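2 protein chains.
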Amino acid sequence: MGRWEPNSRGRLQEAALALYAERGFDQTTVAEIAARAGVTERTFFRHFADKREVLFGGSAVLKERIVTGVTDAPASARPLDALAQGLDAAAAMLGEGRRDLSRLRQTVIAANPELRERELAKLADYAAAVSAALRQRGVGEPQATLVADAGMTVLRISLEQWSSGKDDRELVDVARDTMANLRVVTADR
Amino acid sequence: MGRWEPNSRGRLQEAALALYAERGFDQTTVAEIAARAGVTERTFFRHFADKREVLFGGSAVLKERIVTGVTDAPASARPLDALAQGLDAAAAMLGEGRRDLSRLRQTVIAANPELRERELAKLADYAAAVSAALRQRGVGEPQATLVADAGMTVLRISLEQWSSGKDDRELVDVARDTMANLRVVTADR
Numbered sequence: 001m002g003r004w005e006p007n008s009r010g011r012l013q014e015a016a017l018a019l020y021a022e023r024g025f026d027q028t029t030v031a032e033i034a035a036r037a038g039v040t041e042r043t044f045f046r047h048f049a050d051k052r053e054v055l056f057g058g059s060a061v062l063k064e065r066i067v068t069g070v071t072d073a074p075a076s077a078r079p080l081d082a083l084a085q086g087l088d089a090a091a092a093m094l095g096e097g098r099r100d101l102s103r104l105r106q107t108v109i110a111a112n113p114e115l116r117e118r119e120l121a122k123l124a125d126y127a128a129a130v131s132a133a134l135r136q137r138g139v140g141e142p143q144a145t146l147v148a149d150a151g152m153t154v155l156r157i158s159l160e161q162w163s164s165g166k167d168d169r170e171l172v173d174v175a176r177d178t179m180a181n182l183r184v185v186t187a188d189r
Numbered sequence: 001m002g003r004w005e006p007n008s009r010g011r012l013q014e015a016a017l018a019l020y021a022e023r024g025f026d027q028t029t030v031a032e033i034a035a036r037a038g039v040t041e042r043t044f045f046r047h048f049a050d051k052r053e054v055l056f057g058g059s060a061v062l063k064e065r066i067v068t069g070v071t072d073a074p075a076s077a078r079p080l081d082a083l084a085q086g087l088d089a090a091a092a093m094l095g096e097g098r099r100d101l102s103r104l105r106q107t108v109i110a111a112n113p114e115l116r117e118r119e120l121a122k123l124a125d126y127a128a129a130v131s132a133a134l135r136q137r138g139v140g141e142p143q144a145t146l147v148a149d150a151g152m153t154v155l156r157i158s159l160e161q162w163s164s165g166k167d168d169r170e171l172v173d174v175a176r177d178t179m180a181n182l183r184v185v186t187a188d189r
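Chains as they are written, first to last, in the numbering used here: chain A, 1 to 189; chain B, 1 to 189.
Hints listed in this document are in silico derivations from the structure and should not be mistaken for laboratory results. Mixed in with the good hints there might be a few duds.
Note that the list lumps identical chains together, so a pair holds whenever it fits in one copy or between two copies.
[Claimed, not checked] 27 Å max Cα-Cα, derived DSS-like pairs, lysine-lysine:
1) Lys122 to Lys63
2) Lys63 to Lys51
3) Lys122 to Lys51
All values reported here derive from a predicted model rather than from experimental measurement.
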C-alpha cells in the first residue's frame, strides 16, 4: 500500500477510461478502477477527487494556457489571430496526451448526457475566459464573444478529428487547418 | 376548477418566471405557481409537464423553424447566407414573445448552473440540426459545424441583447446586426 507505485496516475486514467468505455461511466466504481490499475482506492483518491475528475481534471491549466496565448499575442494581432495563438497553446498541451486515451474519453462523454452537458459547460467556461481576454485587448462586443465561441468550436472539432484515428497529423496542425476553414467559410460570400 | 380560464397558459408562464426570479427555480413549487396565476395545479399540468418546461417548452418548434429556414434558402445561397435565413426564422418566432418575459427567463437561467447546462445542451442540439441541414445542402465538414455553431452563438447573443432592455430594436434586426458582426470579425485579417 505504502510502496512506490510507478506512474499510478497514468495507470488509473487508462483503467478508468477503459472501464467507462466498456461498462458505462455510471456503472463503474472507484474500487473497480483501482483494482484494474493494480493500486488501492486510497491511491485513486490521492490523484482524483472523484470518477468525473479523471475526465475533466487539468481543465483549469488548459484554460489558463488558452487565455495566456490570447493575451500574449502581439498588440497588432487581429482578434482571430490572437485566438489562433490561444488555440495553438491549447493544442500543444492536449497534443502531448495519448491519442488513444483522448479517443476513449470522447467516446465515454458522447455516450452519457450528463457528461456531455458537463463538457459543453467546460467549453462555455473557456469561451467566457477567452472573450474576457479579447475584451482586455480592446475587442468590443459582440465580436469578442463571437470569436471566443467560434474558437471553442474549432478546438472541439479538432480534438474529435485528431482522436478519431482517421487523421495522422499532430493536433496543432489539425487545429490550424480547422481555423483556416473557419476563415474561409465565414469569408465566403 | 372546470370553468373557463382565459389565457391560463400565459398567466402561468408569467407567474412561474416571476417566482423563479424572486425565489430561485429550485425553491419554487408548482402549487405556488398555480396559486399566483389564480388557477389549479391541475391546470398547470394541462399546459406543462413540469417546472422546467415553462422555461424550455417550444424548443422543438423553434428548432424546426431554424432548420426549415436553412433548408429553404435558395440553392445558390452560401453557408452563411443559409444560416442567416434560419436565424431570421428563429428571430421572427422568438420576437413575437414578450421581451420582459424573455428577460426574466434569461435571468433565471443565468442564476442556476443546471438550467445553464440545459440551455447550452439545447443550443448544441439546434446546432447539430443546423449542421445536418447544411450538409444536406452539400456543405462539407468542418464547415457545416463551424457555421452552425457560430449561428447558435449569434442567436444567444442576440436574445441576450434584445431582452437586456438596452436595445429597442426588434429581435430580427438585432440578430441581423450580430450576423453582420460575425462576418466582419472573421473577415478581418
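- So which of the earlier hints does this model not fit? Going through the list in order, the structure violates no hint and respects every one.
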